[in-house]
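Which chain is which? The protein sequence lines are A and B, in order. As numbered in UniProt numbering, residues 1 to 283 make up the first sequence, in order. As numbered in UniProt numbering, residues 1 to 273 make up the second sequence, in order.
If you are wondering where the hints come from, they were derived from the structure by calculation, not from laboratory data. Treat the hints with care, as some may be off.
Claimed, not checked - Some chain B residues well away from chain A (every beta-carbon gap over 12 angstroms; in silico): (1) Ala5; (2) Lys43; (3) Ala71; (4) Arg187; (5) Leu191; (6) Gln265.
Stated by the list, open to error - Partial list, derived from the structure: chain A residues whose beta carbon lies under 7 angstroms from chain B: (7) Pro13; (8) Val89; (9) Pro93; (10) Val105; (11) Phe107; (12) Trp245.
In this text the structure is predicted, and so the values were computed from the model without any measurement. Glycine included, each C-beta is placed from N, C-alpha and C at the ideal position.
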Amino acid sequence: MSTRLRTSLLLAPATAWLLAMLVLPLVVVAVFSFGERAAAGGYSAAFTLENFANLGARWAAFKNTLMLAPAGTLMCLIIAYPLAYYLAVKVDPKWRTLLLILVIVPFWTSILIRSYAWIYLLGGQGIPKLISTLGFGNPRLINTPFAVLIGITYGYLPLMVFPIYVSLERLDKRLLEASADLGSPPWRSFLQVTLPLSTPGVATGCMLVFILLMGEFLIPAMLGGGKVFFVGNALVDLFLQSRNWPYGAAVAVALVVIMLVTVTAYMRFTRRWAGGRDDVSLM
Amino acid sequence: MRFYAIAVYLFLYIPIGVIAVFSFNAGRYAAQLQGFSTQWYGKALSNPFVMEALQTSATVAAMSATLATVAGTLAALALQGVTGKPRMIFDALLYVAVMVPGIVIGISTLIALVTLFDWLNPMIAALWPVAENAPKLQMGKGSLIAAHGMFTMALVVIIVRARVAGMDRSLMEASADLGATPFGTFRQVTLPQIFPAILAGFLLAFTFSFDDFIIAFFVAGSETTLPIYVFSSIRRGVTPEINAIGTMVLAASLLILIIAQSILQRDRRAKTG
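Just chain B, with the same shape it has in the complex:
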C-alpha cells in the first residue's frame, strides 16, 4: 500500500523534476545532459520577450485576483442572508462558471467582446470630438482581467462562503450588543475570522490567472502572457531556456499554492476540531 502511494507520488512529481533537472543542463541540445550550468536561467531572464510576457502575466494576475477577491468576498458575505430563488440562481451561475470548460469560456468571451467592440467603436468615434483620436476598444489586458476575474471570483466566493458558514455568530452578536457599528463589527470581528479564506482565495486566483493558457489564448488580443509565450516556443521546438522558465514558474506556483493550501487545511482542521 505504501509503495503504491510512493509510486503515485513519483508519477506526479517526476515530470516536474525532469524539467528542473534539464533546466540546469549545460548542453545546447535539450535531450542530453552535459553537465551543470545556470546559463539558461540567465538567458531567459535577459530575454526581453520573456520579461515582457512575465510583466503582462503578473499585471493581469494581480489585477484580476484583487478585483475577484473583493467582489467575491462581498458576495460571499451577502449570501448569508440570501435564500430561495435568488440564492438558487446565484449558485447556479457559480456552478456554470466553474464547470464550463475554459475553452468554451475563451471562445464565447472572444466572439462576444469582438462583436460588442465592432458595434461600439463606430459609435464612440462618432461621438468623440476628433474622430481620429477616438479611443478604440480592443482585446488586451482589460479583456484578460475581466475573463480571468470572472472565473476566479467564482472560486473566491466558494472558498470564502465555506468559511463564513463556519463562523462563530455569537461573537458578532456580542459585538453588536456592546455597541459596535456594523462596520466596526465587520472590521474587528468578521474580517479576522474570514481573513485566512480571503488570503487563500486571493493566492489561488493569482496562480490560476498567472498559469492560465487556454482563456488567455483567446482573449489576450495582441498581448503575450508567459504561458502564451511558452506555448508558442514549444511549437518551435524544445529548448533549455523553456525548461528554465518552466522551472521558475512551477517553483513560484508551488510555493504560493503550498502556502494557500496550508492556510485552507489549517482552517478546515480548526473548524472540524
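Bound conformation, chain A alone:
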C-alpha cells in the first residue's frame, strides 16, 4: 500500500467525524441565521437580514457578556500570575509536578458541581452569614453579578495559570543574573526582564479564558439567578424555550464573530514578539 493511500485511510475517520459533527452543524447555523421562524417554531427557508438587524433586542445579554468576560479574565490574570511565578521560579522542583497537577485537575472536573458549591458558599448560610456575624452589615451575594464574577474566576483560573507558568519556566535565568550583576534590584529585574518575557503566556492565557467565558452559560444560570444573562443563556432561551431557531442562529453567529475578531486581534498582537507564540498545551 502506498504511503499516501495509507495516510488518507488513517485520516479518513477523523476527518469525516469533524466534517459531519463540526463543519456541517456550523454551516447549518450560518444558513439558518438568514431564515425565518416557522409558525410552530423552528426554521423556515428564507433569505433575510432581519435576524441580524434585531440583534439589539438581546443587547443586555451581549452587554453582560462583554463586561463580565473581560472582568473575569482580569481577575484570573491577577490571581494566576503570582501563582504561576511561584510555581515556575520559587517552588522546590520536587513538588512542582504535583502542584501543577493540582492546578490543572479542577479545570477538568465537573464545572457544574464546582459552581454548585458556590451556591452554598455565597448563599444565605455561607459567606454572607459570616460577614453579618462579624458585624459588617447583611450583604446579598448569590444571584448578583458579583457571584457570577466569582464563579467564572473560580472556574477558569487553572486555564490562566498554565500558559503563564510555561512562559515563565522557559525564561532564561541567565538574563536575570545579568540584570542583577548590572546592579538592578530584584523588582526592577522583574519589571524589565521577567514581565516582558512572560507576555506571550499572559496573552495566551487571557485569550483562552476570554474566549471560553464568552460562551459561558452554566455559571450565570446557577449563580446569577436568571438576572445576569450571558449570550449563552440567551441562546438556551431562544433554542429551547421560544424555539426561534433563525434568530438564535443569528445570535450564535454574532457570538462566534466576536470571538473570531478576538482571536485575530490576539494573533496580530502576539506576532510582534520574536519567536512567535508559545504553543501551550492545556492537557
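Assemble the complex: chain A is given as a structure, and chain B must be docked to it using the hints.
What follows is chain B alone, placed relative to chain A:
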C-alpha cells in the same frame, strides 16, 4: 509568596471540600451541619433515576472515548506524513473544535441533526417494507456519542500528536531494517512509545464526556445523563443527596484525572530529560 500560593490552592479546593463535608451531613436541611451520616449516599445509590442517569453517562463516556481514541490516534499517526495545505486545514479544524464554545457546538448539532432527521425519517419510512415498523432516527445516546466524540477526538489528536513528534525515529528505522513488517513495527516499537499518551487521551476524553453538561443539554434528546439530572435537581432546590452524588462524581473524576496527568507529566519530563 508561599502563603499566597496556599491561599490560591484553598480557593481552588475549599468549594470542593464544602460539598464533600455537607454530603455527610445527618440533617435534612442542606445548610446546617447536624452530625455525621452516610445516609445520603445510600439514598443516592438506591434512587433509580440516579442509577439510570449514571448508566447513560457511563455508556456514552465509554463509547465516545473509545471511538475518539481510536480515530484520534490513527489521525495523529497519519499527520506525521502530512504537510502543506491538507495539514493546515486539518489543524484549523482541530482548533475550531477546541475553541468553539460548547454551547455553540450543542445548539448547532441539535438543529443540524433535528433537521437532517426530519428529512430522512419520511424517506426511511417510505422505503421500509412495513411503514409502521420503520426505525426512526432521533436524538439520544447516538447523537451524544457523536457530539462528545468529535470534541474529545480533537483532544486525543493533540495529545497523541505531541508524543508522536517526540518519538525516537531511529528505533522504527532499525525495526524496519531488521525485517519487521510495517504492522510489526507499529505494534512492537511505535505503540509502546505512544501508549502513555493514548491512555491519558482516553482518560481525559472519558472524563470530559462524563462531566459534560452543556453539549448533552442540547443533544441528549429524551435521555438523562448524570450532569443533566444534577442540573435539574439543583433547579428544584439544594439537597444533601445532590452533595453525595457530586462528591462521588468529583472523587471519581479527580482520581482518573490525577492518573492521566501523572502519565502526561512523566511523559513530558522524560521527553525534555
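Hints and how they fare:
no.: 1; hint: Ala5; verdict: violated (5 angstroms)
no.: 2; hint: Lys43; verdict: holds (17 angstroms)
no.: 3; hint: Ala71; verdict: violated (4 angstroms)
no.: 4; hint: Arg187; verdict: holds (15 angstroms)
no.: 5; hint: Leu191; verdict: holds (14 angstroms)
no.: 6; hint: Gln265; verdict: violated (5 angstroms)
no.: 7; hint: Pro13; verdict: holds (4 angstroms)
no.: 8; hint: Val89; verdict: violated (9 angstroms)
no.: 9; hint: Pro93; verdict: violated (10 angstroms)
no.: 10; hint: Val105; verdict: holds (5 angstroms)
no.: 11; hint: Phe107; verdict: violated (9 angstroms)
no.: 12; hint: Trp245; verdict: holds (6 angstroms)
Hint violations for this structure: numbers 1, 3, 6, 8, 9, 11, all remaining hints satisfied.
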